[in-house]
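Novice: Residues per chain, in single letters:
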Amino acid sequence: MEFLRPATWDEALAAKAEYPTALPIAGGTDVMVELNFDVHRPSAILDLNRVTELTEWTNDGSVVRLGASVPYARIISELSGPLPGLALAAHTVGSPQIRNRGGVGGNLGAASPAGDSHPALLAAGRDVHVEAASVRGTRLIPIDEFYVGVKRNCLEADELIRAVHVPVADGPQQFSKIGTRNAMVIAVCAFGFALHPKNGTVGTGIGSAAPTPRRAVEAEEYLQGVLAERGLWESGELLGTEVVQRFGELVKAAASPIDDVRGTADYRRHALAVMARRTLTWCWNDYGKQIRSAA
Amino acid sequence: MATRTIQGQKNLQNINQASKDGIGGSPLRPDGNLKVRGEFAYSSDLWHEDMLWGMALRSPHPRANILSVDISEALKVPGVYAVLTHEDIPGSKYYGLEIRDQPVLAIDKIRYHGEAIALVAADHPETARRAVKKIKVEYEVLTPIVTEEQCLDPETHGYVHEPHEYKSHAYGNICHEQKLVSGLGVTDEVRAMADVIVSGDYEVGMQDQAFLGPESGLAVPAEDGGIDLYIATQWLHVDREQMAPVLDLPEEKVRLTLAGVGGAFGGREDISMQIHACLLAQHTDKPVKIVYSRDESFYGHVHRHPARMHYEHGATRDGKLVFADCRIVLDGGAYASASPAVVGNAASLGHGPYVIPNVKMHAIALYSNNPSCGAMRGFGAVQAAFGYESQMDKLAAELGMDPVELRQLNAMSEGDFMPTGQQIDSPAPVVELLQRAKDMPLPPPLDTEHLDVRALPGALSNTSHGEGIVRGVGYSVGIKNVGFSEGFDDYSTARVRLEVIGGEPVAMVHTAMAEVGQGGVTVHAQIVRTELGVEQVTIHPANTEVGSAGSTSASRQTYMTGGAVKLAAEAVGRALIEKGRRRYGWTHQDITLAGGKVVSESAGVLVPMVDLLGDEAIDLTREHHHRPTQAFDKETGQGFGHVQYTFCANRAVVDVDVELGLVKVVELTAVQDVGKALNPLSVVGQIQGGCTQALGLAVMEEIIVRDGKVRNASFTDYLIPTILDTPPIPVDVLELPDPHAPYGLRGVGEAPTVSATPSIVAAIRNATGLALNRIPVRPEHLTTEQPG
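Each protein sequence line maps, in turn, to chains L and C. When we follow UniProt numbering, the leftmost residue of the first sequence carries the number 1, and every step to the right adds one. When we follow UniProt numbering, the leftmost residue of the second sequence carries the number 1, and every step to the right adds one.
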């Protein structure tokens, strides 16, 4: 097994071009588990830990460019203001040790439907992009198009994830995750929700309840319609039980879960509806308060 | 005369103060800080120059015929020193804790998912892994026999072991059974005597011991043709008993030394890699180390028996129990392991700490193609307690009675009889334990004004901000035996040596006791300090150079090996005093040992031990046997079967998110009689640990097996409680001495594991109103698919 340790981003891209089957590793919180369990036996490992720019983030006021290796612990401590949904998701990742090592780049690279950041990224708006690069150049992949199958993403063999671009939150965001214990648990299912008052949209993200992380598009459209038609963005008035219920049902309908050792498909659908209702209610209550205090 | 007495009293004031680190004190564990700092050497840290790494090929199928095994490609891998199959075993090809029914390496047949077929020794673990993958096995895959119905219909579904191969009283696919009848039994006439009858079917999933240190050890071939094995185990001598015939060596040439044990909980009672490492070492004449990976560990040790139970209880209108009828079916899996003893426990303890005039019981363990099950903390009493305590709550609800009062009304106490006919001849404060659990102040209600999500079900998973949360409270009490039962003489041996080292009297304790975390090493030193009046006590490494200490299980080590240490220390003390009498001609009848001196109550200090001992050591070995017990009658279950009984009562307080089915245990109170707390800090730690393991079984811990295949052999999906799942565990300890036991002590470690699970389930029932007849309780059981 080759062990490649590029010192710079350009060297990393060159190495990936030369060894397209090389498995990138940063925090190692996913890769090392798979190696230990003998699930993968990659021909080469590409260690990105010397490429320090991957652990940096910038915020231009409208978009956060989050380096692929920024650990979850720093997302929680440094970015819970601009990226509240992602920070809540980061709180639920593994243990303190895992949160010190793992980052969003690895979550995206593994593309597991159970990855905790995906629902938060999907909900964070239409303008979330994965910055993928190769010696051929750089492309920004819309997050919706990034996940293509169970543990598969749309990266080319010579591409590496450099960063993810996430719009700064312009409204409340929430994230909920079901696990069968109260910490250190892989999601049975998860749900991310965000209000985007600037463009009158809402965002959703479903985790662990379909072959890939996915949005609940009909639920988003339904809610956007209600909010627009009833002038609720302006009034901040209560949504009413019927709207909340309907939203939950549409989120549930958007999932296509399976039965596995972590939970049943029926339970996942049920829990998604509950989490959708609750996260919507929390976000909308916060939004309503903001509107009223601004008035 | 008068002057001497005064002088003596003066001296004694200083000397007779008992050591604060003697019994009843709480000196800290010698290995505690090392373990917390990650510096403790576990068996997986063992190392030897030129050692090889051993690895096993395991079956991916639960049931199959092996048509051929081709090791030729594996042998060609550079760095491979040996590839062995059952054909290479020099001696007996079978082993087993109680019944030698398990092949060391599979012979023609596969009986469970993960059964070892062949072994590789190589110069690097990666080389060994590659070589294992090159072994070609041709299987004829068969439909596994996995359900109770399939097991009990061998004509249709076949036999796990061919009946002519049975090495015990097995029949059909029943590995062992125990019946019990007391009073009038349970007949239609008896049923007619009850005003109220409640019945229920209960199910317990397969719990794992989930110790953190995987099975590991190092086998070193010796010049005398024997072998030295450094091993994490629970009982050195019983390992040796099973190993020697396979290795074709006399027992004295198989020498075992205990290596650092990373948890056990019953999972190290059976042989795992011991024989495999020794076979490879014998074959290669090189040291061989084996360390299981985490997933291999899940295949490599036995689990707690899953159980299906049917209970029926009848009572008078005012709550007095009239009868109880029970059938317990334990899935023992492919090999017997400890199944017979687990069945004996389930049958004899399966009606709980209650006085029931008429009882019937039938307990069986099945042979199946599921993973083998055997010893785990609580040992047959855990499964039954979930059944009978669920029944008590059901009966209380039916009668409109308070569940604690119903239990107290029927609770046994000293002088009462077990359904086995054995009289309880030491304190059995069941009523008081329950009362104390009930009287403890309740935790404050959920603070909805200042919500901290960490305190809610789901915690930082952020599933509730107070929505859907309902609090529930539940109670339970349980009974567990201490020590090995049914006529088994599980004696312990201890050697105590007293000598002068560096101008001080120093005692050394040498036993073969496996320290697996129970705190025996701390307690042994405490006993010697108390008995010999010396401060400096060293603990010799545990090995087979001294006689058996029995198993570190059945809550027995402090009772049994602690008792042996007491006997040996007393003998050393008597020998020391005798030496003084011979030398100095003392005639005092009030001589004791204290503060490193020989002391007379009346005459004061007679001589410092240092002077009396000189260069001589006193070195004595003693065995401790508990009072004899009897086998249970096969049909009636009658017999003086158990050494001692132990009781624990619990109160659980839970918050349940009733919409999502998530549970947070808010508090888990335990009240337990320990007879005498030799080390109060360790006692509380044992009780809290036992409660936590019970919590795991109540709400999360289960090995998921589908069609004989283990689906979650990892800590990713086999969940054990984290600190956020572990509530405050207030512990109330009673010390009511048992006159039959050393110091009056009562084994501690298992009773809370037996009793705490049902209290948590009762609390969840209280919050949700659901029946909950299966554990662990999963979120879907509280929401979308309530079982039963």
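No lab work stands behind these hints: they were computed from the structure. These numbers were taken from a predicted model, which means no experiment stands behind them. Glycine included, each C-beta is placed from N, C-alpha and C at the ideal position. Some hints could be false.
Only some residues are given here: those of chain L computed to face chain C with a beta carbon under 8 Å [unchecked claim]:
1. M32
2. N36
3. V39
4. E56
5. N59
6. H91
7. R139
8. F175
9. Y267
10. A271
Novice: None of the hints should be skipped; say for each whether it holds.
Specialist: Okay, the hints, checked on the actual structure:
| no. | hint | in the structure |
| --- | --- | --- |
| 1 | M32 | violated (13 Å) |
| 2 | N36 | holds (7 Å) |
| 3 | V39 | violated (10 Å) |
| 4 | E56 | violated (26 Å) |
| 5 | N59 | violated (24 Å) |
| 6 | H91 | holds (5 Å) |
| 7 | R139 | violated (33 Å) |
| 8 | F175 | holds (6 Å) |
| 9 | Y267 | holds (4 Å) |
| 10 | A271 | holds (6 Å) |
Violated hints for the displayed structure, listed by number in ascending order: 1, 3, 4, 5 and 7.
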